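All chains, full assembly: derive it from the sequences and hints.
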Amino acid sequence: MKKILFDRIDEPGLNTMAVYERRGGYASLRKAMTMSRQEVLDELLASSIRGRGGAGFPMGRKVSFLPKGDMDKYLVCNADESEPGTFKDRELMQKSPHMLIEGIVIASYAGGIDRAFIYIRGEYSYQADILDAAIEEARAAGYVGERILGSEHTLSLVLHRGAGAYICGEETGLLDSLEGKRGNPRLKPPFPAIEGLYDGPTLINNVETLATIPHIIAMGGAEYAKIGTETSTGTKLVSVSGDVKRPGNYEIELGTPSREIIYGLAGGPPDGRKVKLWFPGGSSAPVLTADDLDTPYDFDSMAKAGSMLGSGAIIVVDDSHPVLDVAMKLAKFYAHESCGKCVPCREGTNWTVKMLQRIESGEATPMDLDIMASVQEQIIGNCLCVLGDAMAMPIGSIIEKYRPELEAHIEAARERAGTGALEDVIAIPVY
Amino acid sequence: MSATPAPRHNDWDRPQAQAVPRFEHGSRVPGWDDAVDLTKDPAVVPDPARTAVPARLRQEIEAAMSRYPDRHSASIPALHAAQEEHGWCSPEAIDQVAAVMRVTPAYLTSVATFYDMLVTEPKGRNDVFVCTNISCSLLGADDLYEAMSAAAADEDDITVRSFECLGACDIAPMASVNGQYVGPLELADAERIVADLLAGREVLAEKQLRYRPCADPGAAG
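Protein sequence lines, in the order shown, are assigned to chains H and B.
My numbering puts the first sequence at residues 73 to 503.
My numbering puts the second sequence at residues 639 to 859.
Everything labelled a hint here was simulated from the structure, so no lab data went into it.
Quick caveat: nothing in here was measured; it's all calculated off a predicted structure.
Treat the hints loosely; a few may be bogus.
Said to hold, decoys possible - Below, a sample of chain B positions facing chain H; criterion: calculated Cβ distance under 10 Å:
{"id": "1", "residue": "G725"}
{"id": "2", "residue": "S728"}
{"id": "3", "residue": "L847"}
Claimed, not checked - Sample of chain B residues facing chain H (criterion: CB under 8 Å; computed from the structure):
{"id": "4", "residue": "V749"}
{"id": "5", "residue": "E802"}
{"id": "6", "residue": "P851"}
Heads up, the beta-carbon is just placed ideally off N, CA and C, and yes, glycines get one too.
This is how it looks when you write it as structure tokens:
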């Protein structure tokens with residue numbers, strides 16, 4: 073397969089304007105500026121590209137939701153990339169920042185947007201410096217700023233560095249953070265396309281989605297739609313990590329069998345070990361088991377398998393790790409990152425940690441698993457954003473799929489702690 | 639009037655059978671780290687005429703404010719700059735930012751306490767963030783964090799923190815040393831990181847992420 077985003081990505085100096093332009097960079101922008109806004113939007117719609125950040129919403133339709141009119145409209149590039157296991161945008165921004173900038177300028181032209189922000193997580197300081205330099209180059213060359221390439225299109229582009237908060241990857245939390253507040257998510261609707269940053273219509277897209285736009289314009293939307301499957305078009309950057317021999321970012325055609333990614337590209341788990349479970353789309357995705365390895369890697373097949381493609385981060389856990397450790401890591405992470413605005417998430421994440429600690433300390437009975445599962449069910453769908461769901465889905469699926477192992481844990485821990493055999497415990501329902 | 643007390647109907651009226659463990663401030667929940675001083679007037683926007691702000695910091699904050707349609711958006715860049723200047727977001731640093739941005743210190747404190755990279759207590763000049771999230775911990779990050787903490791235990795100038803996913807699972811287990819990503823790390827690297835920091839050298843030059851080529855074999859073209 074011909075790489076689209078990762079084509080000769082390691083070429084020295086690709087982060088500079090000179091090399092990027094020599095390779096045909098900004099030709100798509102020139103082409104787009106000869107087209108009308110509607111024609112550019114039609115190409116995006118024809119490509120059927122779905123958002124690469126996690127939710128998988130069709131990008132072209134998102135642009136078309138923006139109201140027409142002369143009000144200030146905003147584009148925000150979500151470069152917060154804080155989903156555990158995800159590191160694709162980092163490589164893209166570090167090695168080919170102009171690809172992202174070109175995509176942002178084209179997208180803002182299609183949406184009639186005059187102000188754009190890149191919200192990059194504060195930890196990516198090296199990548200932010202590279203982007204800052206690239207924006208400066210683009211501004212000097214006239215690709216960003218007033219009357220771009222002699223057209224009526226004007227765009228200001230500002231890089232905004234975050235300061236370390238997972239919740240700021242959530243689009244409305246990101247907007248609050250960009251407005252200089254604590255990154256608390258907002259009630260939706262109104263959706264950001266209607267009322268977002270500074271109460272103006274706002275288009276929010278992931279780095280990878282925006283970086284793909286120059287390629288869509290270059291090859292044409294219909295041509296791009298031929299790659300991948302019918303409902304998941306194009307290529308996807310996949311971050312494979314955890315217990316694999318060759319962790320890293322790989323560009324795959326959507327619909328590639330997952331086994332080929334995990335074993336073929338990433339080399340599979342270390343010799344002598346087997347895949348126990350894997351997260352197909354970041355740590356927020358319900359876990360899949362070794363039986364699901366032949367599922368095609370695309371949005372719909374993952375949903376059908378009971379999980380999600382998410383941000384495209386595959387985390388592989390091999391059979392040397394107890395599933396309880398995995399659950400504990402996840403729960404502690406979400407409890408730490410919950411912003412505290414909605415009760416089900418704030419309390420649910422904390423209580424899940426406490427209940428998992430009960431298992432470890434030998435105080436739990438198998439009924440704790442039922443309580444924990446019901447806590448997860450009460451989080452899902454009951455909060456302003458999906459941070460709580462992002463814990464509830466994997467934890468819920470772990471309890472469902474690995475219950476015998478967790479029960480064995482409970483018994484072993486009770487024996488260790490001397491809290492009595494299970495048959496001597498009278499279970500009193502507490503809920 | 640009878641001297642007998644009214645009969646108790648409610649469970650919660652009864653005296654506690656055993657003392658509930660309480661925190662220092664008397665509550666059963668951890669609550670705020672510092673109790674509110676109710677005798678103090680609320681802090682208002684500091685008087686710019688009475689608040690001395692280092693010229694470089696003022697310049698950076700004003701430059702940040704000029705980039706956004708709303709000056710409040712500059713709060714994170716401004717606090718970053720103040721932290722750089724003062725070492726941490728001290729009350730003095732927050733006052734200075736508040737004076738330049740014309741906001742209350744409380745507003746900035748609310749922001750500074752929300753984000754992991756802004757620190758509201760004294761810390762060392764050098765930051766070592768060890769990622770202890772899922773992918774790194776599968777490959778031994780928790781032991782690495784212990785080793786890193788032990789190696790830097792006597793160094794006031796180095797603050798080691800365990801951090802949530804830093805977005806570099808391809809070099810797990812990894813750490814961010816003053817923003818420079820290094821990995822995959824072994825336990826012995828902890829001592830080397832401390833030595834490199836103290837000597838002012840580039841940290842683990844051969845393990846820095848920025849030199850790492852793309853893993854995808856097809857990316858070579």
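Okay, the hints, checked on the actual structure:
no.	hint	verdict
1	G725	violated (16 Å)
2	S728	violated (16 Å)
3	L847	holds (8 Å)
4	V749	holds (6 Å)
5	E802	holds (6 Å)
6	P851	holds (5 Å)
The structure is inconsistent with the numbered hints 1, 2, although it conforms to all the rest.
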